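Engineer: The primary structure of each chain is shown beneath.
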Amino acid sequence: MVEAMISDEAFIKGCAAIGAGLAVGLAGIGAGAGESGIGAAAVGAIAEDRGFLGLGLLFTVIPETIVIFGLVISFILMFAYG
Amino acid sequence: MLKPEKMIKVAVVGAGDKLSTVSETLYRMNLLHIETPQETDYFKIGTPMDKAGHFSRSLLQLRSYISHLKLDPTKLMVKRKYKRREIEEKLSMKLSEYQEKIGNRIEELKRINDSLKSIEAELSAMEPLKVLEIPPNLLKGYKSLRCFVGFVKADPSKDIEKATLDFDLIIKKFGEQYVMALFVRAEHGDEVYRILQGYGYKEIAVPDVDYESRTSELLKKKEELFEKKKKIEVEIEELKLKEAELILAIEEYLSSEVEKAELPLKTLTSKHTFVVVGYVPAKNFEEFKKELESQGMVVEQLKFEDHELPPTKLNNPGFTKNFEVLSKTYAIPKYKEIDPTILMAIFFPLFFGLMLGDMGYGLLITIVSLYLKTIFKTEGWQKLLNIGLACGISSIIFGFIYGEFFGPFRIPGTENPNEVHFVGDLIAGIYGFNHGHPLFDRVEEFGVKALLFIVLLIGMFKMVWGFSMGFYNVYVEHGLKEALLEKGCWIFGVLGLVCLIFGFSYNLGIFTSPPPNGFGEIFPKNLFVYGNTVSEARAVPLPIPGLVDGWQAGFNYFYLASLPLILLWLVIFLKAEIPKMGIFGAIMAVELLTWFGQIISYARLLAIGLSSVYIAFVVNYLSLKIGLEPGMAILPLAIVIMLIGHFGNFLLGILDPGLQSLRLHYVEFFTKFFEGGGREYSPFGRVKKFVEEEGGE
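Residue numbers (my numbering), protein chains in the order written: chain A, 1 to 82; chain B, 1 to 697.
Don't read these hints as lab results, they were simulated from the structure. Bear in mind that the values here come from a model prediction, so they are computed numbers and not experimental data. Watch out, some of these pointers could steer you wrong.
As the list claims (entries may be wrong) - For the chain B half of the interface with chain A, some residues (derived, Cβ under 10 Å), not all of them:
| no. | residue |
| --- | --- |
| 1 | 261 |
| 2 | 265 |
| 3 | 269 |
| 4 | 271 |
| 5 | 273 |
| 6 | 448 |
| 7 | 508 |
| 8 | 541 |
| 9 | 600 |
| 10 | 607 |
Stated by the list, open to error - Chain B residues, not near chain A, derived (Cβ > 12 Å throughout):
| no. | residue |
| --- | --- |
| 11 | 25 |
| 12 | 49 |
| 13 | 69 |
| 14 | 126 |
| 15 | 146 |
| 16 | 202 |
| 17 | 220 |
| 18 | 482 |
| 19 | 516 |
| 20 | 561 |
| 21 | 659 |
| 22 | 676 |
Each residue gets a CB set at the ideal place from its N, CA and C atoms; glycine is no exception.
Take these sequences, add in the hints, and give me the full structure.
Structural biologist: And the structure:
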């Protein structure tokens with residue numbers, strides 16, 4: 001039986017690891033979706049005016065915070081149960 | 001330092017006939033930021049001096065030459081400066097010389113280009129006729145025949161047969177369409193023409209001469225024109241090399257003369273007097289006053305009213321001046337606001353180093369910056385490269401602390417140092433490396449935890465600091481009550497959040513257990529309201545009554561402290577919002593979560609760094625496995641992988657920490673206190689680059 005082979009502790013550890021992976025991965029997809037629109041607009045603006053390069057890059061990285069949230073959650077999961 | 005320079009509002013008053021002397025003096029002193037005046041019944045805005053028209057015409061002409069020659073004064077290094085008198089003497093002579101040597105040549109070039117274009121047009125028009133292989137004299141000049149020469153979209157013979165059988169059609173494929181010559185009797189001409197129109201007929205004008213001879217004639221002419229063009233271009237280029245500085249010096253001279261002559265436009269004049277109103281930096285006021293009064297003017301200090309916005313002159317000493325580029329990109333501070341440049345000069349390189357933290361990459365950035373500094377001499381580049389230099393040095397320092405040089409020397413889970421780094425064995429053999437160095441290892445378990453907590457601590461600190469400065473800014477502008485309602489309440493709110501984060505961390509044992517689970521026993525173990533222990537609290541790190549069973553176990557004094565703070569914030573916040581927004585203002589309290597998010601956002605200081613460490617490690621690991629025994633032992637491939645990998649990581653290592661560090665300032669820090677919207681101080685006059693004022697003038 002599967003239940004007999006996996007201890008409770010290992011099961012929790014495994015779930016925590018999967019959760020941590022999902023946290024980073026899904027947050028990454030979210031940030032990517034957010035950045036895609038800004039990135040496209042920024043490239044358009046830069047094509048019009050090269051001086052916008054710095055600001056455009058900066059705007060593009062703004063949604064990256066979402067990944068950081070995911071990462072922090074995954075750290076906390078791994079610290080607490082890993 | 002943290003404030004823009006203090007300004008004094010002044011009015012310069014004098015007799016009308018002195019205006020041109022004043023204009024000279026003000027221009028030379030380059031101190032007065034002139035305000036555009038408003039006309040009154042008595043005082044009118046002046047008219048430009050007589051010389052303005054003449055100078056501005058010359059200037060316009062010269063600028064058109066400059067734009068044609070593509071001279072850029074910011075890119076030219078000055079070898080010699082021209083004396084003012086020298087330019088005045090040469091001015092009219094040089095201007096007519098340029099008219100002749102540059103202006104006329106530019107005209108000539110334009111004519112040549114026009115003829116070249118018409119030759120090209122004629123040549124391309126003859127191409128389809130050549131395909132038909134019929135001499136031009138056979139294509140026109142008939143009395144009883146009508147001849148159509150031109151393009152059609154398809155073969156029209158079927159339709160023409162319906163009109164007349166008596167025709168002759170020569171048709172050839174030409175690109176996407178057909179070129180044809182069609183001969184019909186003159187009486188069928190109009191009918192056939194209508195049919196052809198259905199086929200999209202486009203006529204070609206048939207030249208009188210023979211194609212071959214005409215083509216060779218045109219080609220010859222084209223070549224001649226090309227040579228002439230080249231010759232003129234070379235002549236212009238020679239002139240550019242010889243005269244560039246003088247041209248720019250004359251341009252500078254002329255534009256300063258025009259600006260001086262246009263001073264009356266910024267002046268209020270009556271019949272016999274004039275008034276110029278503007279701002280002077282306080283430290284230069286005495287000098288300014290003395291100089292003008294010695295010339296018989298009256299300089300009066302004015303008070304500025306509340307709604308007036310004096311211009312902002314940023315006042316940052318030495319090295320920190322470089323960072324004005326970064327803070328100005330966000331906004332120019334208002335006159336009374338805090339100028340955050342100096343804070344940026346400290347924290348930007350610090351954050352950059354904290355993220356990148358690698359001696360190898362830091363060294364590369366430093367070397368590249370130093371090298372580029374010798375190539376790009378313009379002010380903007382120098383400033384940017386100085387920032388690069390600061391970031392490079394900061395990365396080296398943090399690289400030493402973390403013990404990384406093109407990647408880490410140790411990685412948890414890999415025992416053999418030779419697999420981790422290309423000098424792993426060598427480093428592992430050094431006594432100091434395992435005894436106290438690295439000072440802080442950010443890849444091992446404790447390192448990650450500790451750094452995470454440290455960067456969040458930085459986040460909390462900067463959040464409170466930002467709101468405190470916002471409090472100060474609002475206090476200066478609108479008084480204590482407004483400051484407390486607008487910014488002060490957030491200080492309490494954020495402090496409440498800080499207590500919550502500390503409480504949570506305490507329950508996880510960060511302040512009580514020894515490494516790798518915490519920092520050791522910083523706080524006593526019994527800070528629990530209900531007398532529990534840390535090990536019990538671990539089960540309920542976030543004690544929310546009603547949501548978690550046995551929440552009492554996790555309720556420590558940090559959580560207790562956060563309650564009054566958050567309550568205080570809520571009361572002040574509602575007091576500020578409800579009068580403005582009504583009951584819905586209460587919903588805005590959700591904003592506190594944003595600040596929580598922004599504190600967490602500082603975790604990027606850890607995350608960006610870790611990702612760069614692991615990329616470097618993977619590159620090293622791969623290339624060592626590929627390059628050396630007992631791996632594949634293909635050394636050249638390993639070296640290529642290593643170079644490409646580190647180069648990519650290096651580029652990422654500049655871009656990402658740079659951007660993220662900038663972002664932490666703009667989004668997480670500046671929004672708390674920095675409004676911007678100031679006007680930049682731009683005094684009447686200009687810094688001379690090519691022209692030299694003579695002494696005593």
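Engineer: Beyond 12 Å from chain A, beta-carbon-wise, is residue 126 (chain B)?
Structural biologist: holds (39 Å)
Engineer: May I ask you to check that residue 146 (chain B) keeps its beta-carbon over 12 Å from the closest beta-carbon of chain A?
Structural biologist: Given that every Cβ of chain A is farther than 12 Å from that of residue 146 (chain B), nearest at about 53 Å, it holds.
Engineer: Beyond 12 Å from every chain A Cβ: check whether that's true for residue 25 (chain B).
Structural biologist: The claim holds: residue 25 (chain B) sits with its nearest Cβ about 36 Å from chain A, beyond 12 Å.
Engineer: Hey, is residue 202 (chain B) genuinely clear of chain A, shortest beta carbon separation above 12 Å?
Structural biologist: holds (36 Å)
Engineer: With 10 Å as the cut and Cβ atoms as the points, is residue 271 (chain B) at the interface with chain A?
Structural biologist: Since the shortest Cβ distance to chain A is 47 Å, the answer is violated.
Engineer: Can you verify the interface hint for residue 607 (chain B): is its Cβ closer than 10 Å to any Cβ in chain A?
Structural biologist: Where the cut-off is 10 Å and the nearest Cβ of chain A is about 5 Å from residue 607 (chain B), the hint holds.
Engineer: May I ask you to test the interface hint for residue 448 (chain B) with respect to chain A, counting a Cβ-Cβ separation under 10 Å as satisfied?
Structural biologist: Hint holds; residue 448 (chain B) Cβ to chain A Cβ min 7 Å, cut 10 Å.
Engineer: Given residue 508 (chain B) was flagged as interface, is its beta-carbon under 10 Å from a beta-carbon of chain A?
Structural biologist: Given a least distance of 7 Å, the restraint on residue 508 (chain B) holds.
Engineer: Examine each Cβ of chain A, and state whether all of them lie more than 12 Å from the Cβ of residue 659 (chain B).
Structural biologist: violated (5 Å)
Engineer: Using 10 Å as the Cβ threshold, decide whether residue 269 (chain B) counts as touching chain A.
Structural biologist: violated (39 Å)
Engineer: Say whether it holds or is violated: residue 220 (chain B) keeps its Cβ farther than 12 Å from all Cβ of chain A.
Structural biologist: holds (43 Å)
Engineer: Taking the shortest Cβ-to-Cβ distance between residue 561 (chain B) and chain A, state whether it exceeds 12 Å.
Structural biologist: holds (22 Å)
Of the numbered hints listed earlier, those contradicted by the structure are 1, 2, 3, 4, 5, 19, 21.
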